[in-house]
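Take the sequences, apply the hints, and build the full model.
Number of protein chains: 2
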Amino acid sequence: GAALGAGSLAFGLLAVRCLRRSAKACQVNPGIQKDCDKVVHSMETTDLGNKTAFCRCWRSQKFPMCDGTHNTYNQEYGDNVGPLIITQQSSS
Amino acid sequence: GAALGAGSLAFGLLAVRCLRRSAKACQVNPGIQKDCDKVVHSMETTDLGNKTAFCRCWRSQKFPMCDGTHNTYNQEYGDNVGPLIITQQSSS
Ligand code: FES
Ligand code: FES
Numbered sequence: 001g002a003a004l005g006a007g008s009l010a011f012g013l014l015a016v017r018c019l020r021r022s023a024k025a026c027q028v029n030p031g032i033q034k035d036c037d038k039v040v041h042s043m044e045t046t047d048l049g050n051k052t053a054f055c056r057c058w059r060s061q062k063f064p065m066c067d068g069t070h071n072t073y074n075q076e077y078g079d080n081v082g083p084l085i086i087t088q089q090s091s092s
Numbered sequence: 001g002a003a004l005g006a007g008s009l010a011f012g013l014l015a016v017r018c019l020r021r022s023a024k025a026c027q028v029n030p031g032i033q034k035d036c037d038k039v040v041h042s043m044e045t046t047d048l049g050n051k052t053a054f055c056r057c058w059r060s061q062k063f064p065m066c067d068g069t070h071n072t073y074n075q076e077y078g079d080n081v082g083p084l085i086i087t088q089q090s091s092s
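Read top to bottom, the protein sequences are chains A and B. Its first residue numbered 1, the first sequence is counted upward by one per residue in our numbering. Its first residue numbered 1, the second sequence is counted upward by one per residue in our numbering.
If you're looking for bench data, these hints aren't it; they were derived computationally from the structure. All values derive from a computational prediction rather than experimental measurement. Misleading hints may appear alongside valid ones.
Below are the BS3-like pairs computed for lysine-lysine, each with C-alpha atoms no more than 25 angstroms apart in a straight line [to be verified]:
| # | chain 1 | residue 1 | chain 2 | residue 2 |
| --- | --- | --- | --- | --- |
| 1 | A | K51 | A | K34 |
| 2 | A | K51 | B | K51 |
| 3 | A | K62 | B | K38 |
| 4 | B | K62 | B | K34 |
| 5 | A | K62 | B | K51 |
| 6 | B | K38 | B | K62 |
| 7 | B | K38 | A | K51 |
| 8 | B | K51 | A | K38 |
| 9 | A | K38 | B | K62 |
| 10 | B | K62 | A | K51 |
Next up, the structure:
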């Protein structure tokens, strides 16, 4: 009766909070340049070393470079994302 | 009374479903090579054109290349992700 109603109401409030948060929580990018409409990076190959790893998990402290944080993120979310690696011959 | 209880119960079921789904729904990568432990791409600059856009939203049909789908995704999720663009001098 009353107990069931109260319990269900609590669940209901949880549902509303969950639904409200889910849109934002499900963003690919949780925190990088959120004041910017679209985060695009443009790089010249002449500015890159022989091997450069670029972040695709949006959690790197060195974004747009990968710093390995994808491993922690993957473990926490059961995901399988990894970097894009660009290699080039030494110009020497 | 009964109506309130039923309504709250419905909300409660919604909450459970929402919480169950949220972990998976919040993955950065919803569908690319999910059979793979970690999706890493390695590219040689010699295989790239003068300007190549790489996807960082994990929604491109041409992954690892960007096909513009980030715009649809950003609009739907209120997010602000965009590609990594690699440019290089023409080798000619
Ligand atoms: S830290 Fe983001 S892909 Fe490696
Ligand atoms: S389609 Fe994914 S970043 Fe453009």
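Evaluated hints:
{"no.": "1", "hint": "A:K51 / A:K34", "verdict": "violated, 28 angstroms"}
{"no.": "2", "hint": "A:K51 / B:K51", "verdict": "holds, 18 angstroms"}
{"no.": "3", "hint": "A:K62 / B:K38", "verdict": "holds, 20 angstroms"}
{"no.": "4", "hint": "B:K62 / B:K34", "verdict": "holds, 16 angstroms"}
{"no.": "5", "hint": "A:K62 / B:K51", "verdict": "holds, 23 angstroms"}
{"no.": "6", "hint": "B:K38 / B:K62", "verdict": "holds, 18 angstroms"}
{"no.": "7", "hint": "B:K38 / A:K51", "verdict": "holds, 19 angstroms"}
{"no.": "8", "hint": "B:K51 / A:K38", "verdict": "holds, 19 angstroms"}
{"no.": "9", "hint": "A:K38 / B:K62", "verdict": "holds, 20 angstroms"}
{"no.": "10", "hint": "B:K62 / A:K51", "verdict": "holds, 23 angstroms"}
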